[in-house]
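Colleague: Now for the letters of each chain:
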Amino acid sequence: MGTFKDTEQLIGVIGGFIQKLADTEAIAEKMVASNLIFRMVYKDPEGVIVVDCSGDKPEVRPGDTDTDAAITLSMGADIAHKFWFGKVNLTMALTRRKMVAKGPIPKILKLLPVIKPAYAMYPKYLEENGFSEFNTY
Amino acid sequence: MSGFAGKILYVDLTSGRIEAKPLQADFARKYIGGLGFGTKIYLDLIKDNPHFDALSEDNPFVLMTGPTTGFRVSGTARWCVGTKSPLTGYWGDANVGGFFGARLKFAGYDGIVITGAAKKPVYLFIDDDKVEIRDGGKYWGKDTYETNDEMLADLKTEGAKQGEVLTIGPAGETLVKFASILTRKGHAAGRTGMGAVWGSKKLKAIFVRGSKKLEAAGQADLDTLRGELKEIYKDHISVEVLKTLGTACHWDAGLVSGDLPIKNWSQAEWDQIDEIGPIAYEEKLKVGSRTCYGCTVACKMIAEVKDGQFRFDKGAGPEYETMCSFGTMCLNSNMESIGKANDICNRYGMDTITCGSTIAFAIECFENGLITKEDTDGIELGWGNAEAIIAMTEKIGKQEGFGKVLAEGSAGAAKKIGGNAVDYLSTVKGLEAPMHDPRGAHGYGLAYAVSPRGACHGASLNFSIEGGNMYFPEIPEFTEEFEEQTSEGRAALNVACQDFGMFFSSCAVYCHLGAMPMTATQAVDLVNYVTGFDYTIDELMQLGRRIWYLKRGLSNLFGARAEHDKLPRKLTTPLEDGPTAGSVPDMELMLKEFYELRRLNADGLPSTEILGEMGLEDLAALLYSNGG
Numbered sequence: 001m002g003t004f005k006d007t008e009q010l011i012g013v014i015g016g017f018i019q020k021l022a023d024t025e026a027i028a029e030k031m032v033a034s035n036l037i038f039r040m041v042y043k044d045p046e047g048v049i050v051v052d053c054s055g056d057k058p059e060v061r062p063g064d065t066d067t068d069a070a071i072t073l074s075m076g077a078d079i080a081h082k083f084w085f086g087k088v089n090l091t092m093a094l095t096r097r098k099m100v101a102k103g104p105i106p107k108i109l110k111l112l113p114v115i116k117p118a119y120a121m122y123p124k125y126l127e128e129n130g131f132s133e134f135n136t137y
Numbered sequence: 001m002s003g004f005a006g007k008i009l010y011v012d013l014t015s016g017r018i019e020a021k022p023l024q025a026d027f028a029r030k031y032i033g034g035l036g037f038g039t040k041i042y043l044d045l046i047k048d049n050p051h052f053d054a055l056s057e058d059n060p061f062v063l064m065t066g067p068t069t070g071f072r073v074s075g076t077a078r079w080c081v082g083t084k085s086p087l088t089g090y091w092g093d094a095n096v097g098g099f100f101g102a103r104l105k106f107a108g109y110d111g112i113v114i115t116g117a118a119k120k121p122v123y124l125f126i127d128d129d130k131v132e133i134r135d136g137g138k139y140w141g142k143d144t145y146e147t148n149d150e151m152l153a154d155l156k157t158e159g160a161k162q163g164e165v166l167t168i169g170p171a172g173e174t175l176v177k178f179a180s181i182l183t184r185k186g187h188a189a190g191r192t193g194m195g196a197v198w199g200s201k202k203l204k205a206i207f208v209r210g211s212k213k214l215e216a217a218g219q220a221d222l223d224t225l226r227g228e229l230k231e232i233y234k235d236h237i238s239v240e241v242l243k244t245l246g247t248a249c250h251w252d253a254g255l256v257s258g259d260l261p262i263k264n265w266s267q268a269e270w271d272q273i274d275e276i277g278p279i280a281y282e283e284k285l286k287v288g289s290r291t292c293y294g295c296t297v298a299c300k301m302i303a304e305v306k307d308g309q310f311r312f313d314k315g316a317g318p319e320y321e322t323m324c325s326f327g328t329m330c331l332n333s334n335m336e337s338i339g340k341a342n343d344i345c346n347r348y349g350m351d352t353i354t355c356g357s358t359i360a361f362a363i364e365c366f367e368n369g370l371i372t373k374e375d376t377d378g379i380e381l382g383w384g385n386a387e388a389i390i391a392m393t394e395k396i397g398k399q400e401g402f403g404k405v406l407a408e409g410s411a412g413a414a415k416k417i418g419g420n421a422v423d424y425l426s427t428v429k430g431l432e433a434p435m436h437d438p439r440g441a442h443g444y445g446l447a448y449a450v451s452p453r454g455a456c457h458g459a460s461l462n463f464s465i466e467g468g469n470m471y472f473p474e475i476p477e478f479t480e481e482f483e484e485q486t487s488e489g490r491a492a493l494n495v496a497c498q499d500f501g502m503f504f505s506s507c508a509v510y511c512h513l514g515a516m517p518m519t520a521t522q523a524v525d526l527v528n529y530v531t532g533f534d535y536t537i538d539e540l541m542q543l544g545r546r547i548w549y550l551k552r553g554l555s556n557l558f559g560a561r562a563e564h565d566k567l568p569r570k571l572t573t574p575l576e577d578g579p580t581a582g583s584v585p586d587m588e589l590m591l592k593e594f595y596e597l598r599r600l601n602a603d604g605l606p607s608t609e610i611l612g613e614m615g616l617e618d619l620a621a622l623l624y625s626n627g628g
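Line order of the protein sequences matches chains A and B. Position one of the first sequence corresponds to residue 1 (this note's numbering), numbered consecutively onward. Position one of the second sequence corresponds to residue 1 (this note's numbering), numbered consecutively onward.
Hints should not be assumed to be uniformly reliable.
[To be verified] When the alpha-carbon atoms are kept at most 30 angstroms apart in a straight line, the in silico DSSO-like pairs for lysine-lysine are as follows:
| # | chain 1 | residue 1 | chain 2 | residue 2 |
| --- | --- | --- | --- | --- |
| 1 | B | K230 | A | K110 |
| 2 | B | K234 | A | K107 |
| 3 | A | K98 | B | K230 |
| 4 | B | K230 | A | K43 |
No wet-lab data here; the hints were simulated from the structure.
All chains, please: the whole structure from these sequences, using the hints.
Modeller: Structure representation (structure tokens):
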């Protein structure tokens with residue numbers, strides 16, 4: 001049994017956290033500076049989240065399959081969950097195709113240090129938002 | 001003989017004798033190629049007199065290609081060199097890319113063995129069967145780029161085919177302990193001072209040109225595999241990032257994981273780091289890219305700075321290691337100066353990892369009052385002082401003033417500086433660590449500690465496997481999802497990485513970058529299709545194991561012992577913050593397990609039993625009857 005029982009739960013937890021990042025000024029600024037549109041595609045359970053950084057502030061749109069995204073990141077939901085704890089070796093995940101990235105790779109890589117502060121935020125977010133059962137990986 | 005050129009060239013610079021000896025098929029099968037050949041030949045040459053200085057005429061030098069070198073498959077252009085290192089005093093070797101290896105095989109030679117020393121500067125001229133030791137006086141004193149261009153121009157009319165030049169620069173001539181050897185103005189046999197050995201032999205360069213064709217035993221199978229790899233490479237993320245960014249592609253992942261060292265290994269974060277990352281590289285340095293023979297990855301960046309105090313002509317750009325050694329290690333946020341330092345090192349012929357790390361070490365000594373401006377010829381060696389860094393790099397290349405002290409490498413310099421300078425070292429067995437922090441991936445720590453040539457991330461596949469760049473699902477030890485900061489199980493991992501790595505990197509001489517997408521099966525098949533051998537993965541791991549013991553034994557013969565299998569204090573002091581905060585490798589645990597697995601005695605020597613099992617009775621006799 002994976003971390004999330006269904007799409008709704010996945011979007012609620014992960015989508016909610018990405019929204020939190022988008023609402024965090026220091027991180028949002030750098031997301032907007034990238035001017036990129038990302039689509040995260042999850043499986044087990046399935047789910048899609050678009051993060052649109054092309055405007056004045058990042059917009060997080062769960063379920064958006066229409067917007068043209070420059071970057072698509074595909075991964076299992078468990079990998080996504082573990083990633084936000086900072087516990088995924090990204091290089092290894094990409095090499096072993098547990099994460100598949102399509103799009104301008106240098107720009108994807110450049111965002112890594114931007115989202116690094118998120119790793120400390122995720123456990124706290126889970127506790128504060130009634131998701132303490134997920135505070136493990 | 002398929003795959004191989006079929007001959008090894010023996011050149012004695014003392015007598016002037018040149019002989020091409022046939023490569024025997026059973027030797028080729030047993031030792032595979034590359035440093036498999038090189039270490040065995042080297043041992044056979046020195047066994048009657050294994051005690052000599054690295055810069056004496058008694059130190060042979062081996063240069064060997066791999067069985068697949070020259071077959072136009074991505075990641076197979078590399079070849080390697082080996083000898084006793086003047087920097088460490090132990091076994092030294094280096095892998096090199098470019099075109100030289102292929103051309104050597106086209107000339108009819110799988111390798112070159114150089115013995116003795118010339119009285120005056122010479123270069124070796126090879127054009128198929130015509131091999132001559134020629135007067136090199138004209139080129140002596142010139143930098144590697146000048147020598148490359150002038151020699152090619154001078155020798156152009158002597159033959160129809162394109163030639164390649166392999167050359168030392170002034171640093172090799174003046175015996176800078178970490179002098180390198182370069183080909184095509186940017187592919188370097190960088191580490192462990194190979195260039196100084198050439199300098200001691202008064203060997204300036206080797207020119208090679210060849211017109212022969214190589215034959216694969218299974219051409220149809222080779223073509224099919226080439227096609228398969230072409231499809232895989234089209235879509236592979238590592239190929240894409242290497243093509244776009246070169247080795248700088250590791251920068252951001254390294255920063256996030258704590259792999260990237262900052263301020264001589266003492267700091268986890270730096271607010272200016274973006275000034276010198278891959279985006280800055282693209283904006284300020286990069287003007288193009290180039291490749292090695294037959295490789296479609298093209299990960300070598302071309303750089304140029306047209307104006308300003310750090311201007312340099314279009315040429316090889318800095319790799320990730322150089323961006324760190326001259327950048328983050330020195331808190332130097334000036335991208336142009338990093339390109340300049342790289343250019344200086346290439347022209348003089350110096351290892352950028354050792355040079356940059358040695359300067360970082362010197363900066364820390366300066367900060368702590370162990371050396372002053374009086375010692376450093378008036379240069380204010382400070383963190384981030386780009387002008388000082390460049391000035392000192394030049395001084396090292398010229399062996400001038402304080403540069404003469406630093407030309408010994410950081411360990412040698414520490415002895416001269418005295419006080420607690422040793423506290424600022426990042427060396428194992430005298431070789432400065434590469435830019436990958438073992439506090440972030442503990443297996444690296446063991447890899448550095450027990451590598452025969454000193455701190456090295458290329459001596460086995462440990463960095464590639466534990467770091468995640470490579471994946472060989474056929475080898476059970478490599479399939480774990482490695483949690484980054486644990487020492488558990490890393491000894492067994494290192495053993496497997498060494499065994500397979502000796503085949504992959506040292507003998508077949510596959511490129512860790514260009515061959516990254518291959519599976520183990522494809523890597524083995526490629527050798528089999530080219531040579532007609534029928535190796536299995538298991539057999540190659542056994543053969544690789546033998547090569548590891550050969551390298552280890554050579555270092556033991558030169559005096560390496562258990563006490564040298566350790567990390568410096570810099571790499572075992574936990575950082576207070578950042579991704580590796582509080583983490584240090586458990587060296588005691590890993591070494592204990594490793595010694596048991598490798599059957600090393602308390603002195604760090606392989607047991608006579610294991611050497612016997614490996615068919616290395618000669619080595620055992622030398623180690624135990626002479627006391628090593």
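Colleague: What are the numbers of the hints the structure violates, in ascending order?
Modeller: none
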